[in-house]
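Asker: Listed in order, the protein sequences are those of chains A and B.
Going by the working numbering, 213 is the number at position 176 of the first sequence; the sequence numbering is gapless.
Going by the working numbering, 390 is the number at position 355 of the second sequence; the sequence numbering is gapless.
Please note: incorrect hints may appear among the correct ones.
[Stated by the list, open to error] Pairs of lysine-lysine, DSS-like flavour, derived with a Cα cap of 30 Å:
id : chain 1 : residue 1 : chain 2 : residue 2
1  : B       : 93        : A       : 89
2  : B       : 344       : A       : 89
3  : B       : 344       : B       : 53
Since the hints were derived computationally from the structure, they do not count as laboratory data.
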Amino acid sequence: MNRKTIFYFTSSYPTHEQLLKFISSVDGEVVKYVELGLPSMNPLYDGPSIRKTHSDALRNFHFSHLAEYGSILTRKGVRPYLLAYYNDFAQRGERMLDDLADAGFAGLLIPDLLIDHADVAQSIIASVQKKLEFIPFFNPATPDAIVSRISGMTRSWVYYGLQPSTGIEIPYDLAEVSSRIRELLPSREVNFGFGIRNLDQVREIMSLGSDGVAIGTMIIPMLTGHDLEAFLKFQHELGEVAVA
Amino acid sequence: MFIYDTLMPINMLSSQEKELIPENWYNVVPDLPEQLPPPIDNEAERSSIELLNRILPKEVLRQEFTFQRYMKIPDDIREIYEQIGRPTPLVRARGLEQFLDYSGKIYFKYEGATVTGSHKINTAIPQAIYAAKEGVQKVVTETGAGQWGTATSVAASFAGIKAKIFMVRISYQQKPLRKKIMELYGGTVSPSPSDETRFGRNLLKDNPDHPGSLGIGIGEAVEYALDHDLRYLVGSVFNSVLTHQSIIGLETEKQLEIAGEEPDVLIGCVGGGSNFGGFSFPLIKKFKEVEVIASTAAEVPKFSHGEYKYDYVDTARILPSVKMYSLGADFVPEKIYAGGLRYHGAAPSLSMLVKTGRVATRDEDENHVIQALKIFSKTQGIVAAPESGHALASAIDYVRKHKHEKKTVVVNVSGHGLLDLSIFRDDK
Ligand SMILES: Cc1ncc(COP(=O)(O)O)c(C=O)c1O
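Next up, chain A with everything else stripped away, as it sits in the complex (with noise of 0.2 Å):
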């Protein structure tokens, strides 16, 4: 068993029902984590593609879904993740917390906290990790000072971004940005995302050191057009990549 995939899906889209088989399907052979974004007004940090699945999606969200979301994957071994954006999660304040852990979540993402919210960063890990894991989300321009401090104060993995916003195509040197945080982070366990766009690509980042990939964008055309099979047939193409 080589599980190294993580998916991303936004909660309740295209609709819940949809979401539902989608997640039903995840393969824990495969998979090892998913994180579910809670719907937002303002996914800053997303591309353009991500962006329409939190506009749609707001208006099918129920908080509800996480818990049926978090069961069917507890069930099957894979760990769910909720990724919200600070102030969707500072708006549902500590509470939720309680309720994602009620829920079988193991984890919370902010994406912008470092960025926007630097400044209350280390009081909202601690609470977070009273509960639950807190995932440092990092990308290449996180400073070194503030990789190593972020990492010191959590345990669980951390999410490297490649790239500045999710879903877009722009060049930047992978082998540089990986060897970057491979050398800041030796031994913790560092999952790549961010533009991630095809098998070759999934393949030459494994090569680079990560320990899995986090797909979003590319499977959203198959929810969009609810085609369930194209993600079956997906998701095997990346067992075999993971396996390889």
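On the provided structure of chain A, position chain B with the ligand as indicated by the hints.
Answerer: Structure of chain B with the ligand alone, referenced to chain A:
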């Protein structure tokens, strides 16, 4: 009256010492105190970030998004740096020290000694070379005072390609010699707003005498590049530009070491932040305690009156937004004498260092700047650029206030002002 009492300008390091040119550029981002906020898209349906693929040379974009701390300067570019007058001198300003009766030391790094007379050539060269290597036949940009357009024209000429320059209309009218120089170097120059872009035509419809601004010029140049499948060269603000400009600070670091000095104070002027960041960031890394002062024009008080927020880089709102100190992308400054400082924002990395208090700021007004330029020309024989005059004004002020402290003040003089003499009108 000021009289030089020794004619030995010691510590003027020869421009021939090419080993002073660093092997690598330095990118400050991995060393910032906080995470640099990434650029963001301006609209929901389209990615302005992805659009950069059609605007910037690919290698510039790769540098922009890789954030490598030390990046090797390619050999061919290093060679051209030598040809255009690098390393530039670091000079002990003996005359100025005497004039101010200062107990400490003043040094200035002189970017006016490059062939185009300012630091702008340091980034124009790599960008034009990268564009040419990609097969681009023509590059486009804007210019305010004319320094950036001049640098772009020369760099394009070296790279064997053409350059098209949108020049802020007010400067175009007031500085015919600047236009001449750009043309001499092979550039084609249009006043901005122009009738060559949709954005320009719209502005001219509302105001046929629109004076233009840097933000508008950028917008026109970017639109023109997109419409004609050309590449846009970026003069400041972007992180890759500050990285190319780090050559200023890296040379200064070695020159100070040879002189046996450690700086106590660094001073530079800020338009978009490229000469300031290029000069100060490598030195801030090395000298943790050094005091750092950024001078802006009182007419464009981005740090003292601007807001630290996500804002548009260009007035046409094509480029992605970045988090910076800004007076708003629609800000059209007074027709000030220092065109290079007329920009509404400042580079995100510099903005963060101002926000966190690492870099202090000063607004300098016209009178003060003109006085400083006069003092500098009489005491050092150099007519500095009006932009650089802001740094000199802040430096003179600093020295006067700390007259009896034995500090070592290092000022970046970003360019010469020999084509800007019209600012000394009415015997001001
Ligand atoms: C001589 C000189 N100094 C300074 C500037 C300001 O730009 P920046 O802040 O990017 O160095 C300019 C811009 O045109 C300039 O020509």
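Asker: With reference to the structure, classify each hint as holding or not holding.
Answerer: The hints, checked one at a time:
Proximity of residue 93 of chain B to residue 89 of chain A is assessed by CA-CA distance (about 28 Å); at most 30 Å being required, the pair is judged to hold. As the CA atoms of residue 344 of chain B and residue 89 of chain A are separated by approximately 24 Å, the hinted pair is consistent with the 30 Å bound. For the hint linking residue 344 of chain B to residue 53 of chain B, the alpha-carbon distance of about 41 Å lies beyond 30 Å, and the restraint is violated.
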